[in-house]
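K.L.:
The chain contents come next:
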Amino acid sequence: VTRAPRFGTTERAVHWSFALLLFTLLGSGLVLWVPPLATAAGHRAGFRQAHIVAGLGLVPVPLLIALLGDRRTVLATARQLERFRSTPRFNDGQRLNATWTVTSAVLFLVTGVVQWRWPSFPADWRTGASRLHDLLTLVTIVVVTAHVALAVLHLRRPRPAT
Amino acid sequence: VTEGRPFGRRLFLTGVGAGVAAVVAGGRLLPDIALPWSSGGWRLYNVAARMPSPVGFRLRVDGLVERPLDLRLGDLLALPHAEQRSDFECVTGWKVSGVRWRGVRLDELLDRAGATAAGTHLTFHSRDGVYTDSLSLASARLGDTILATGMDGRPLPRRHGGPARLVVPTMYGYKSVKWVGRIEVADREVVGYWEQRGYARDARIDKDPVRAYVGRRRDVPGTGWSVEAPPGWTWRALPGGGVLLRRAGAARVEASVLVARRADRATRDTTRDLLAGIERAGLTGARYSTVDAGDLEGDVLEAEDGSGQRFLFAFLPAGRAVLQVQGQAPAADFDRWRPWFGQLAASVRR
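Residue numbers (the working numbering), protein chains in the order written: chain Y, 1 to 162; chain U, 1 to 350.
Any given hint might turn out to be false.
[Stated by the list, open to error] Mimicking EDC-like on lysine to aspartate or glutamate, the simulated pairs with C-alpha atoms at most 16 Å apart in a straight line are: (1) K95/U - D32/U; (2) K95/U - D124/Y; (3) K95/U - D134/Y.
Derived by calculation from the structure, the hints in this document are not laboratory data.
All chains, full assembly: derive it from the sequences and hints.
P.N.:
In structure tokens, the structure reads:
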């Protein structure tokens with residue numbers, strides 16, 4: 001029995017480019033944030049640079065891939081994800097995960113830029129930005145862990161393709 | 001296939017809006033997450049491959065000096081130490097409040113080495129072999145700029161820059177060089193490690209024009225320093241090391257700065273001189289008292305001008321000076337100056 005693939009090439013490219021950038025950000029970010037990791041790893045400027053480059057790519061790279069690829073399919077999938085209780089292709093947990101991912105990516109970017117370009121922002125904003133960035137990181141670790149665990153558990157039983 | 005309302009889009013817009021609002025609200029809406037591995041909210045920065053070992057520690061003070069110093073840890077620890085409580089603030093928005101530092105004043109080290117008049121800046125070299133940064137000599141001579149060897153009642157831990165690190169409370173953390181091994185008196189400003197990577201060269205936390213100028217004094221009679229007034233301001237030196245600042249065209253004195261060369265010379269006599277100078281400058285009702293505000297104690301002078309403008313001068317034994325601005329609503333101004341006054345302000349405000 002052959003099944004229609006659940007996601008097209010563009011959708012997979014969008015997903016995996018985002019995943020690659022996110023893991024780069026989590027890795028470099030934890031080194032910058034967690035004191036024992038920071039002192040053990042050293043080379044702060046390098047990790048900072050990697051974090052900034054990956055961070056600047058997190059939103060535009062998947063977006064560009066979607067635009068240059070099969071953008072109609074990606075758009076249709078996005079529509080299904082943002083409308084709760086519509087199709088059997090996604091359940092509500094998957095929709096929440098997608099919503100969280102996009103929202104947090106934008107907020108990570110905003111709070112990251114405030115810290116990176118610090119002379120342009122008031123000290124108060126920087127405090128808010130750094131606290132929100134930390135909070136988003138903790139939630140992201142939980143969400144990504146759950147996402148990967150569920151994906152692996154359900155590898156053999158994918159949901160319908162449409 | 002796409003019936004139903006776009007809840008996802010609404011959640012996204014609400015989430016982004018709430019997040020941006022939380023950023024603009026500063027730290028008020030969000031907790032400061034303390035990781036279990038960092039006591040007191042510290043983040044530890046290390047730009048080299050590894051933290052330098054305390055073994056073989058030496059501190060050299062050289063460059064434009066008459067008597068270069070080459071100190072072992074024991075020699076450094078034998079020098080007079082001062083204790084102070086100050087906040088440590090990073091440009092990225094985290095901050096550790098009320099750190100108890102113990103260390104040798106830069107002023108003290110520079111005097112021992114005999115920094116010559118040709119020196120305008122200090123270059124600090126970290127023992128990690130990578131990190132450097134610089135300070136103007138005037139900033140370095142502020143009483144609360146110290147080479148710390150102790151922190152929160154213990155010897156300075158290696159991860160915090162031990163055995164010795166710089167602490168510059170008036171500036172962001174990247175000026176407080178860790179693992180200091182060499183202090184070089186130079187006639188030029190070296191562009192520091194993070195400054196080469198996009199950080200501002202002006203690291204002052206509070207850039208208010210009046211306070212800002214304090215870092216640029218040279219040549220006040222009797223103090224060895226002087227003042228370069230900020231643009232649009234004129235200044236007048238007072239006997240005993242005070243300076244009155246006046247905004248060009250303004251009838252009233254708007255701010256004043258008292259500088260004391262060294263702690264041991266900040267005596268009642270100099271205070272009295274200052275008092276006389278203030279009166280000659282057209283202020284009346286001046287009186288002084290001594291306050292003890294926890295870790296700090298010092299002389300405080302209060303004065304008024306004819307229009308009811310109030311002035312408060314704080315004179316700290318840390319060897320620096322201080323200043324205040326005044327006004328019809330002094331309490332609000334004191335709040336503004338609180339980082340500078342520290343606990344002293346709270347005690348004086350009444």
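K.L.:
For every hint, state whether the structure bears it out.
P.N.:
Going through the hints against the structure:
Restraint check for K95/U and D32/U: satisfied, since their Cα atoms lie roughly 10 Å apart, inside the 16 Å limit. For the hint linking K95/U to D124/Y, the alpha-carbon distance of about 11 Å falls within 16 Å, and the restraint holds. With a C-alpha separation of about 14 Å, the suggested pair K95/U and D134/Y falls inside the 16 Å cut-off, and the hint holds.
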